[in-house]
Amino acid sequence: MSETEGNIAIKAVNLTKRFNGFTAVDKVNLEVKKGEVFAFLGPNGAGKTTTIRMLTTLLTPTGGTIRVNGYNPLTEQDKVRKSFGIVFQDTCLDEELSAYENMEFHGILYGVPKVIRQKRILELLDIVELENRINDYVKTFSSGMKRRLEIARGLLHHPHILFLDEPTASLDPQTRNQMWNYILDLNQKENITVFFTTQYIEEAEKVARRIAIIDRGKIIAEGSAQELMLKTGTESLEEAFLMLTGRIIRPEEATEIDQMRLTRKLMKQ
Amino acid sequence: MEAIYIFWLRQIKRYFRSKSRLVGSLAQPALFLMALGFGFGPIFEKAGGGNYIAFIVPGIITQTILYTAMFAGIDLIWDRQFGFLREMLAAPVSRFSIIIGRTLGTATIAAAQGLIVLFLSLFLGFRPFAIGRLFFSIGFMFLIAFLFTVFGTALASVLNDVQGFQLIVSFFLLPMFFLSGALFPLDGFPGPLRMVASFNPLTYGIDALRSCLINISHFGLAWDLTVLGLLTIAFLWLANYSFSKTQA
Numbered sequence: 055m056s057e058t059e060g061n062i063a064i065k066a067v068n069l070t071k072r073f074n075g076f077t078a079v080d081k082v083n084l085e086v087k088k089g090e091v092f093a094f095l096g097p098n099g100a101g102k103t104t105t106i107r108m109l110t111t112l113l114t115p116t117g118g119t120i121r122v123n124g125y126n127p128l129t130e131q132d133k134v135r136k137s138f139g140i141v142f143q144d145t146c147l148d149e150e151l152s153a154y155e156n157m158e159f160h161g162i163l164y165g166v167p168k169v170i171r172q173k174r175i176l177e178l179l180d181i182v183e184l185e186n187r188i189n190d191y192v193k194t195f196s197s198g199m200k201r202r203l204e205i206a207r208g209l210l211h212h213p214h215i216l217f218l219d220e221p222t223a224s225l226d227p228q229t230r231n232q233m234w235n236y237i238l239d240l241n242q243k244e245n246i247t248v249f250f251t252t253q254y255i256e257e258a259e260k261v262a263r264r265i266a267i268i269d270r271g272k273i274i275a276e277g278s279a280q281e282l283m284l285k286t287g288t289e290s291l292e293e294a295f296l297m298l299t300g301r302i303i304r305p306e307e308a309t310e311i312d313q314m315r316l317t318r319k320l321m322k323q
Numbered sequence: 012m013e014a015i016y017i018f019w020l021r022q023i024k025r026y027f028r029s030k031s032r033l034v035g036s037l038a039q040p041a042l043f044l045m046a047l048g049f050g051f052g053p054i055f056e057k058a059g060g061g062n063y064i065a066f067i068v069p070g071i072i073t074q075t076i077l078y079t080a081m082f083a084g085i086d087l088i089w090d091r092q093f094g095f096l097r098e099m100l101a102a103p104v105s106r107f108s109i110i111i112g113r114t115l116g117t118a119t120i121a122a123a124q125g126l127i128v129l130f131l132s133l134f135l136g137f138r139p140f141a142i143g144r145l146f147f148s149i150g151f152m153f154l155i156a157f158l159f160t161v162f163g164t165a166l167a168s169v170l171n172d173v174q175g176f177q178l179i180v181s182f183f184l185l186p187m188f189f190l191s192g193a194l195f196p197l198d199g200f201p202g203p204l205r206m207v208a209s210f211n212p213l214t215y216g217i218d219a220l221r222s223c224l225i226n227i228s229h230f231g232l233a234w235d236l237t238v239l240g241l242l243t244i245a246f247l248w249l250a251n252y253s254f255s256k257t258q259a
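Going down the list, the protein sequences come from chains A and B.
Read left to right, the first sequence gives residues 55 to 323 (our numbering).
Read left to right, the second sequence gives residues 12 to 259 (our numbering).
Chain A with its partners taken away, still in its complex shape (with noise of 0.2 Å):
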């Protein structure tokens, strides 16, 4: 590893995605120094969640490569996995387990010390001010609490990047502000590199130090705020970003398991 090499957290380069002959991702280029809060920009279907899957070791890309923390997720997805935190555009919890033990299945899965694990769960759930439901059956919890317990979960096991996919998606306002005062934190104390996309322009304006804009699958801008304002001539971000992205509704087509969830929400009626 090289001395620039040391400070990259991620790195992809011609990162590309197929599906069926259709191209969800398109030679993509990106680089996420450590200890960077970097957000991920663009419409529905833009490609965003392909691109995290791969990051993560759940997609096998068609072409390109990729380094998260200097290791290769393809040779050495553990590695990889280790090294990371995730918390996923649609909450994953066990709902018929209390926050402990989701917290428990997800320390011993990562291989946390017993004695560490404890400790540190204890403490993770009072940041995320979930003292008080520790035993308390996930299904109890609202949106909101489910997802302080999921970036309580990701932080577990001590990783260096945190990738947010849509974290804030269907929180209220207040919740959103204190889980960016958490995570930002969390960024400054431990240097823990964020990755994120979100829909909503004005958080990535505020939180994030570098943006990367993505559409149909291509980056098409990449820089601060304030640079992509200067670039597109525009007062806000999000100006910036429909200048970028034009102003058409992208169709988006369902994925299976929003089909599943929708037929379990008809048999449930």
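No lab work stands behind these hints: they were computed from the structure.
Glycine included, each C-beta is placed from N, C-alpha and C at the ideal position.
Be aware that one or more of the hints could be misleading.
Here's a subset of chain A near chain B, in silico, CB distances under 7 Å, partners left out [unchecked claim]: (1) R135; (2) I140; (3) F142; (4) D144; (5) C146; (6) F159; (7) I162.
Here are the computed distance ranges between Cβ atoms for each label pair [claimed, not checked]: (8) A:P167 with B:I244: 32 to 40 Å; (9) B:E13 with A:Y254: 33 to 41 Å; (10) B:E13 with A:S224: 32 to 40 Å.
Mind docking chain B on chain A? Use the hints.
This is chain B only, laid out in the frame that chain A set:
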């Protein structure tokens, strides 16, 4: 190893927290045992077949195990649907340990249910023929449970909607049950049906249990064990292969 343990534990915890599953899974075998046992019992005895309850207990135990084990696949589909599968797939553990931990968990539950049915049957007058063999029967219950859990899991790895899974599994269950010698001796089957029964894994499970519990066997315990063991390995390979293709 610890990962396998936590996958196992999660299956057990989830099962015990679902009271309806606990009761539901035992109500059916109890009904079968009583209705069939007391209904056909006298006829079977008159025809010189011996004690019918004793004859069907191994069959009903296996049926109980079969249902719980096969429907375990639904858990996997739910986990994918609720997104929890991603938590496991993004973790630094092998796909194989996920499969093993989960299937061992459900197999433990299914085997325990089989044991409960065995216990219940004692109240209906069932007596195992030798205490020593009783321990073998527990081992076989676990093997049967594991075999069918793995089979259900393999099926669930390639299907991703619950309705489809239920349809396919239900399609398998009844023919498997009726063509397994659970309720009647295989010797009375006409040739072609006996052929079909000999391709049914359940047949060997029931035969093994019957051999352990009432000392009646069609194929012999060694052959039963060989068939069940080889099938388990084959299905385990299949489940691991199809699950390893899973991308979250």
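Quiz item: Could one say that the CB atoms of B:E13 and A:Y254 fall in the range 33 to 41 Å?
Solution: holds (39 Å)
Quiz item: Does the interface hint hold: is A:C146 within less than 7 Å of chain B, judged Cβ to Cβ?
Solution: holds (4 Å)
Practice problem: Report holds or violated for the interface hint on A:I162, using the least CB-CB distance to chain B and a cut-off of 7 Å. | Solution: Status holds, d = 4 Å.
Quiz item: Do B:E13 and A:S224 keep their Cβ atoms within the hinted range of 32 to 40 Å?
Solution: Holds - the Cβ-Cβ distance for B:E13 and A:S224, about 34 Å, lies within 32 to 40 Å.
Quiz item: Minimum Cβ distance from A:I140 to chain B below 7 Å?
Solution: holds (6 Å)
Quiz prompt | Residue hint A:F142, partner chain B, criterion CB-CB below 7 Å | solution = holds (6 Å)
Quiz item: Going by Cβ atoms only, is A:F159 closer than 7 Å to chain B?
Solution: holds (6 Å)
Quiz item: If you take the shortest Cβ to Cβ gap from A:R135 to chain B, is it below 7 Å?
Solution: holds (4 Å)
Quiz item: Should the hint that A:D144 touches chain B count as held when the rule is a Cβ pair under 7 Å?
Solution: This interface hint holds because 5 Å falls under the 7 Å limit.
Quiz item: Taking the beta carbons of A:P167 and B:I244, is their distance inside 32 to 40 Å?
Solution: holds (34 Å)
Figure legend: structure checked against the earlier numbered hints; every hint is met.
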